[in-house]
Structure formats: structure tokens, C-alpha cells
Amino acid sequence: MEKQFTIKNPQGIHARPAGAIMKKASEFANAQISLEFNGRKVSAKSITGVLTLGMKAGDSVTVITEGEQAAEALEAVGSIIESVLD
Amino acid sequence: MFGFGKKKKSISITAPITGKVVPLEQVPDPAFAQKIIGDGIAIEPEQGSLVAPFDGHVIHLIDTHHSLVLGHESGLELLVHIGVNTVSLQGKPFTTYVKSGDKVKKGDKLIDFDIAQIKEAGLPVITPIIVANGDIVAELKVNQGQATANSSELMEITLK
Numbered sequence: 001m002e003k004q005f006t007i008k009n010p011q012g013i014h015a016r017p018a019g020a021i022m023k024k025a026s027e028f029a030n031a032q033i034s035l036e037f038n039g040r041k042v043s044a045k046s047i048t049g050v051l052t053l054g055m056k057a058g059d060s061v062t063v064i065t066e067g068e069q070a071a072e073a074l075e076a077v078g079s080i081i082e083s084v085l086d
Numbered sequence: 001m002f003g004f005g006k007k008k009k010s011i012s013i014t015a016p017i018t019g020k021v022v023p024l025e026q027v028p029d030p031a032f033a034q035k036i037i038g039d040g041i042a043i044e045p046e047q048g049s050l051v052a053p054f055d056g057h058v059i060h061l062i063d064t065h066h067s068l069v070l071g072h073e074s075g076l077e078l079l080v081h082i083g084v085n086t087v088s089l090q091g092k093p094f095t096t097y098v099k100s101g102d103k104v105k106k107g108d109k110l111i112d113f114d115i116a117q118i119k120e121a122g123l124p125v126i127t128p129i130i131v132a133n134g135d136i137v138a139e140l141k142v143n144q145g146q147a148t149a150n151s152s153e154l155m156e157i158t159l160k
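The listed protein sequences correspond, in order, to chains A and B.
The opening residue of the first sequence carries number 1 in the numbering used here; numbering runs sequentially from there.
The opening residue of the second sequence carries number 1 in the numbering used here; numbering runs sequentially from there.
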């Protein structure tokens with residue numbers, strides 16, 4: 001499954017929001033969760049991967065999920081991406 | 001088995017900053033203090049200079065220059081975050097000597113930071129140093145106390 005979400009955090013996805021995305025994604029142990037942005041695809045369970053996307057406020061990122069609880073994972077990770085965590 | 005068991009790889013991480021080594025719990029940011037981002041240690045810097053703790057490369061320098069992720073040849077990823085909430089300073093107290101993708105040698109200058117300027121902005125300078133991919137780590141040993149950049153061993157990490 002996949003769906004686009006928009007970064008709302010004014011400071012973009014720096015360490016703290018990236019940590020929150022990774023933590024939420026990691027709760028879905030049996031789902032593969034990826035983020036695709038600007039032609040690059042990374043695991044949402046890797047803070048390094050999430051940080052290297054360099055996403056800014058207003059950017060649109062595609063969340064892609066497979067496996068168990070794919071739908072729940074999609075919405076849960078998407079809701080973190082769209083929340084303001086600064 | 002038969003005495004040919006795979007030898008576990010151990011990585012020594014040299015202090016990248018001179019200062020006092022303290023537990024992560026003392027970082028006033030729950031993302032670090034509760035180890036949400038990962039396990040590691042923090043340094044209360046006494047000198048505003050960050051150097052490479054091992055030979056490796058810069059996986060990612062955050063564009064506001066207050067944080068970077070370093071990669072070790074073993075695959076270990078180390079996140080260094082200078083200060084707390086320092087993203088809000090938009091790079092001003094930071095001078096960088098590297099960019100994403102650069103190879104670095106242990107002791108190379110990475111980022112200089114103005115401790116006084118960060119404190120004037122009302123922000124803590126305490127710097128968490130975190131293993132960003134803890135899933136490959138079997139054991140992490142930390143040497144607390146006083147650290148000297150490019151000299152003291154800060155952490156010893158055994159990989160799975």
C-alpha cells in the first residue's frame with residue numbers, strides 16, 4: 001500500500017521527528033515500511049535513512065507498506081509525518 | 001563450532017569532543033534521554049570542536065549543521081547531535097569542514113561550534129552521541145568521566 005503525506009514540521013525532519021518516525025515504524029515488526037522522496041527510497045525503521053532524505057516543511061513523501069498490518073502502519077507512520085514535533 | 005566460531009568484531013570509538021562524559025539520561029530531550037533514537041552517551045563540551053571518532057565517512061550532514069551521521073566501515077552508524085533544540089539556530093553557531101559523502105580520518109575536524117553563542121540562545125550544549133543502527137550491536141561499553149578529543153576511548157562496541 002502507499003500514500004502521500006506532507007511534512008508539517010516547520011524545521012523539517014531533523015533528529016527528533018526522524019526518531020519519532022523510526023519509533024512508530026518499528027512498532028510494526030512484521031511490516032516493511034519505506035519512505036520515498038526525491039527519487040530515493042529508505043526504510044522508515046532506520047533513523048539514518050529517514051534523516052538522509054533531508055525532508056523540509058511542505059515536502060510531500062510517499063509512505064509504502066507491505067506485510068502484516070500494512071494499512072495500520074501506513075496511517076500510523078503518516079500521522080507522525082504530518083504532526084508537528086518541534 | 002569446532003573452534004572456528006565467528007570472531008565478534010569490536011569497534012573502538014574515540015571521543016570526538018573534549019568534555020565531561022555523562023549518561024544519555026542527562027540530556028534534556030526525551031528523544032535522547034529515553035534512548036528513542038538509540039543507545040549511546042553524551043558529552044558536556046568544554047571545547048567547541050567536533051572531530052572524527054574513527055576512519056569512515058559522513059553519511060549525512062544536516063543542512064542546519066548541528067548534527068551529522070557518520071559511517072564506520074563495519075556498517076556502524078553514529079549520530080552526533082550538538083546541543084539540544086539547536087536546529088532552531090539555523091546553522092549560525094556552526095562551522096563545517098565536511099559535507100555528506102566525504103571520507104574522514106580519525107581526528108579530522110568535522111564541525112566547530114560556538115559554545116557561548118549556543119548558551120546565549122538559551123540552549124544546552126550537551127551533545128548526545130548515539131548508535132543510529134543499534135540492531136547490529138551486541139554490546140556497548142561506555143567510559144564515563146573526562147574525555148579528551150581524539151585521545152580518550154569513549155565507547156567500545158561489539159557487533160553481533
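None of these hints come from the bench; they were simulated from the model.
Backbone N, C-alpha and C fix where the C-beta goes; we use that ideal spot for every residue, glycine too.
Any given hint might turn out to be false.
Here are the simulated lysine-lysine pairs, BS3-like style, with alpha carbons at most 27 Å apart [to be verified]:
{"no.": "1", "chain 1": "A", "residue 1": "K41", "chain 2": "B", "residue 2": "K35"}
{"no.": "2", "chain 1": "B", "residue 1": "K119", "chain 2": "A", "residue 2": "K24"}
{"no.": "3", "chain 1": "B", "residue 1": "K141", "chain 2": "A", "residue 2": "K41"}
{"no.": "4", "chain 1": "B", "residue 1": "K105", "chain 2": "B", "residue 2": "K9"}
{"no.": "5", "chain 1": "B", "residue 1": "K92", "chain 2": "A", "residue 2": "K41"}
{"no.": "6", "chain 1": "B", "residue 1": "K9", "chain 2": "B", "residue 2": "K119"}
{"no.": "7", "chain 1": "B", "residue 1": "K92", "chain 2": "B", "residue 2": "K9"}
{"no.": "8", "chain 1": "A", "residue 1": "K56", "chain 2": "B", "residue 2": "K141"}
{"no.": "9", "chain 1": "B", "residue 1": "K35", "chain 2": "A", "residue 2": "K23"}
{"no.": "10", "chain 1": "B", "residue 1": "K103", "chain 2": "B", "residue 2": "K119"}
In silico contact screen, one side only, chain A against chain B (beta carbon under 8 Å); selected entries [said to hold, decoys possible]:
{"no.": "11", "residue": "K8"}
{"no.": "12", "residue": "G19"}
{"no.": "13", "residue": "A71"}
Hint check:
no.: 1; hint: A/K41 x B/K35; result: holds, 25 Å
no.: 2; hint: B/K119 x A/K24; result: violated, 32 Å
no.: 3; hint: B/K141 x A/K41; result: violated, 33 Å
no.: 4; hint: B/K105 x B/K9; result: holds, 20 Å
no.: 5; hint: B/K92 x A/K41; result: violated, 31 Å
no.: 6; hint: B/K9 x B/K119; result: violated, 39 Å
no.: 7; hint: B/K92 x B/K9; result: violated, 39 Å
no.: 8; hint: A/K56 x B/K141; result: violated, 35 Å
no.: 9; hint: B/K35 x A/K23; result: holds, 10 Å
no.: 10; hint: B/K103 x B/K119; result: violated, 31 Å
no.: 11; hint: K8; result: violated, 15 Å
no.: 12; hint: G19; result: holds, 4 Å
no.: 13; hint: A71; result: violated, 25 Å
When the structure is compared with the earlier hints, violations turn up for hints 2, 3, 5, 6, 7, 8, 10, 11, 13 and for no others.
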